[in-house]
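Could you build the full structure based on these sequences and the hints that come with them?
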Amino acid sequence: MKKALVALAVAALLVAACNTKAKKQALEAAEIQKIDSVTMVMENVKAEIDFTVQEVDKLINEL
Numbered sequence: 001m002k003k004a005l006v007a008l009a010v011a012a013l014l015v016a017a018c019n020t021k022a023k024k025q026a027l028e029a030a031e032i033q034k035i036d037s038v039t040m041v042m043e044n045v046k047a048e049i050d051f052t053v054q055e056v057d058k059l060i061n062e063l
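Position 21 of the sequence shown, counting from 1, maps to 21 under our numbering, and the rest follow consecutively.
Among the hints, erroneous ones may be present.
[Claimed, not checked] With a straight-line Cα cutoff of 25 Å, these simulated DSS-like cross-link-like pairs (lysine-lysine) come out: (1) LYS46 with LYS34; (2) LYS23 with LYS34; (3) LYS34 with LYS24.
No wet-lab data here; the hints were simulated from the structure. Since this is a predicted model, take the numbers as computed values, not measurements.
Pasting the structure below:
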């Protein structure tokens, strides 16, 4: 009976550890996705700024 309880306790700990690891991995994946999204927005804004700078330079050179 004691062996069965010990085995059950060990199994419960393993399941709890696996669930915690899965949750941690899911949170990390969500954080990576957020960072990638922010990075993409920043790159788009940088491209828009660079394009605008080129347009302003053209206008200044025409003057």
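These are the hints, each one checked on the structure:
1. Straight-line distance between C-alpha atoms of LYS46 and LYS34 comes to about 18 Å, which keeps the hinted pair within the 25 Å bound.
2. As the CA atoms of LYS23 and LYS34 are separated by approximately 17 Å, the hinted pair is consistent with the 25 Å bound.
3. For the proposed pair LYS34 and LYS24, the alpha carbon gap of about 15 Å is at most 25 Å, so the pair holds.
Every hint, counting from the list given before, is met by this structure.
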